[in-house]
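Enquirer: Residue-level listing of the chains:
Number of protein chains: 2
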Amino acid sequence: MSESILSIESVSEYVGSRPALSSLVDAKSLTVQEVGDGNLNQVFICTDSSGARLVLKQALPYVRLVGPDWPMSEDRAAREAHTITEHSRLSAANVCALIEYDADRYVLALEDLTDHDVLRTRLNAGGPFGDVFEQMGRYVADVAFGTSWLGLGEEQFRLAAAAAVNSELCKLTEDVVFTEPYLGADRNSWRPQIDSLVRSLQADSEWVGAAMTMKRRFLTRQEALLHGDLHTGSIFIRGSAAPVSAKAFDSEFAFYGPVGYDLGLLWANIVAAASRAAVLDEPDRAASLLSHIATSWSAFESRMRDLWPERWEPSAYPDVMLSQRLTDILDDSWGFAGCEASRRIIGLAKLSDIETLDDEQYARAASAVLRIGRTALVSRGTLPIDEHIDAMHTELRL
Amino acid sequence: MSESILSIESVSEYVGSRPALSSLVDAKSLTVQEVGDGNLNQVFICTDSSGARLVLKQALPYVRLVGPDWPMSEDRAAREAHTITEHSRLSAANVCALIEYDADRYVLALEDLTDHDVLRTRLNAGGPFGDVFEQMGRYVADVAFGTSWLGLGEEQFRLAAAAAVNSELCKLTEDVVFTEPYLGADRNSWRPQIDSLVRSLQADSEWVGAAMTMKRRFLTRQEALLHGDLHTGSIFIRGSAAPVSAKAFDSEFAFYGPVGYDLGLLWANIVAAASRAAVLDEPDRAASLLSHIATSWSAFESRMRDLWPERWEPSAYPDVMLSQRLTDILDDSWGFAGCEASRRIIGLAKLSDIETLDDEQYARAASAVLRIGRTALVSRGTLPIDEHIDAMHTELRL
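Quick mapping for you: the protein sequence lines, in order, are chains X and H. If you number the first sequence the way UniProt numbering does, the last residue is 398 and the count never jumps. If you number the second sequence the way UniProt numbering does, the last residue is 398 and the count never jumps.
These are calculated hints, taken from the structure and not from any lab test. Heads up, some of the hints might be wrong.
Label pairs and their computed distance ranges (CB to CB) [stated by the list, open to error]: (1) G67(X) - E100(H): 30 to 40 Å; (2) A92(H) - D69(X): 49 to 59 Å; (3) S73(X) - Q324(H): 23 to 33 Å; (4) E34(H) - Q156(X): 33 to 43 Å; (5) P19(X) - Y62(H): 39 to 49 Å; (6) R305(H) - D115(X): 56 to 66 Å; (7) E313(X) - A241(H): 47 to 57 Å; (8) S17(X) - G184(H): 41 to 51 Å; (9) I385(H) - T382(X): 39 to 49 Å; (10) L159(H) - E282(X): 20 to 30 Å; (11) T382(X) - E100(H): 53 to 63 Å.
Even glycine gets a Cβ: it sits at the ideal position worked out from N, Cα and C.
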């Protein structure tokens, strides 16, 4: 394997050996930069003397951040390549495009988006976000429709779900999102300022029980080929006013699961960004961010309704199934948002939105994220969206 | 393919060519009988001069009852072989054993159970049923536990579910169980005596909506490797007093789906048998049959509780998840029972329990099955089991 692992030195030769890549950039004049912020993979940005660029992302047989002590199959690159292909077919404008996938060396060649910002970075800096959340709502709808039985027919849907099985990365999600924050784990951590709140939650059977309900849903429900990790660090944005350019990337966690998981992650990360804004004395920005939970849902719902007449075998799917499904997805979205909010404060993988705050700000923001997460988890679909958002305003004193 | 298709004439030579079979019966002295009641497959009972027996079941590339005009992949034989193997590992006493699977010719060699009766035949004749339903409840529990993440761990569970995909036969179930009875189809039929009831149900948005909820659950929930067609025609029984010998067979519809589907089919078929008994003026027998819905659930639930301490990674699965899961399975079981009851009266595949009745008896029994099915579908988990059964007594005037 080791001779297959790309390095800054070997990237030019690699690009030169791949016709699909050397036709896009001049391999002989490449400047190669390794982007250090990937946790799992190697990422190289390749720029030629004319300024043409492409990105190479290579999966290693372990977690890059930890090293060979945490082995992880490179098959995740194949999962991501497959997912980009399927998602691009359905929502081309909202997905970072795949140029080529090299199955022998687990390398994805991707379109260059260095003129974009990572959405989380943009939000942490207080920057504008335009209609990025509405576009993501429509992207989730396009995928939820197009990769489900509604877009594929029942037989192809079941085959596609089986082919997209991603048990290793799902297990990681099951551990860090659905188990450890509630039941305890050595790799959990939080600052002393919120210790009593965390301990009271972990002793709260309603909160734990609701999280376990969501864990079982994550394990057993296959509805569509999810992105699987749709937080604000997996979205690129360019521009400031609507329509911005908004593109999802890093879909190696993709699998057939409950659609609300993608929306829920997005919403919990909006809550984190809003909590940051609130404790940085930007209440209007916080309120604006929170309002995009509702508008992203509206965008999702509208797109689902627009696509409905195009469903496979319409006579077998009466309209009542659309409203039932939307109700269930909304319930799931809140539940998964609650899990994501909780695990991002308590569990292994933290958010820079919160972790870069000073202790006093952290205490307020992290507590608010946890309390909002509890309401999302426990009340889920029983509270209308407006009341969920009102409760967030109360927690954040907006 | 055609030279691979077994006939009464070629079975002896086939058995002689398979060491695993010729060691069990004397191929040279075989008497071969084709059993005509399989809808999908060929079934041969092979008896040698000493009386030793085995059964061969061969999948054809079409539905046997219809012929090549209804093509169906022989892969269903592989699905059944895999399912018997997995189910036997978990519940050996309650599964018709597989001697050998011939993947080249899609032939399952099965243990001879000609000393058993098909449960439906036994019930139609008014015969005893002992503890067959409790044993089936325990069988469903053994499988529900052992083939789920609780028995396999999360990663292996997802891989096993993907490997067991059975899209063609699931599509058939989706059509005949979850679509046609509610939304209409040319191949539906019923006698004029119940015409107004059927039409009022098909105009009843609550009944149709509940059926569509169950259809979506069938499509999207993967919990365990179900039998997939666990009606009383898929169960053998021998003996009359508990413990009887009770063995499930014909599992080619197996797939990873919602556990309540297996229980629900069983319950709806108990309702049909009880309705037959009631209109044949055997109210005590009808009441006794219905009581076994409750006892089969109790047997299922007890076995699930007994197995719970053996779950994979107990610390990741607190006890609350067991009670949540049981609640959801019970809701599913009623819903699927309601679909099975409805489709067996209205849809393509009928029940001899009901169809062999005269018109007056048919009208009473079929109406009762439909009304009981509606309550099961619409009220599902909101009614306690006892109240479901009380409502059945009222419908059947017991």
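Enquirer: Each of the hints needs a verdict: does it hold here or not?
Expert: Each hint, compared with the structure:
{"no.": "1", "hint": "G67(X) - E100(H): 30 to 40 Å", "in the structure": "violated (48 Å)"}
{"no.": "2", "hint": "A92(H) - D69(X): 49 to 59 Å", "in the structure": "violated (42 Å)"}
{"no.": "3", "hint": "S73(X) - Q324(H): 23 to 33 Å", "in the structure": "holds (32 Å)"}
{"no.": "4", "hint": "E34(H) - Q156(X): 33 to 43 Å", "in the structure": "holds (36 Å)"}
{"no.": "5", "hint": "P19(X) - Y62(H): 39 to 49 Å", "in the structure": "holds (46 Å)"}
{"no.": "6", "hint": "R305(H) - D115(X): 56 to 66 Å", "in the structure": "holds (59 Å)"}
{"no.": "7", "hint": "E313(X) - A241(H): 47 to 57 Å", "in the structure": "holds (49 Å)"}
{"no.": "8", "hint": "S17(X) - G184(H): 41 to 51 Å", "in the structure": "violated (60 Å)"}
{"no.": "9", "hint": "I385(H) - T382(X): 39 to 49 Å", "in the structure": "violated (26 Å)"}
{"no.": "10", "hint": "L159(H) - E282(X): 20 to 30 Å", "in the structure": "violated (47 Å)"}
{"no.": "11", "hint": "T382(X) - E100(H): 53 to 63 Å", "in the structure": "holds (54 Å)"}
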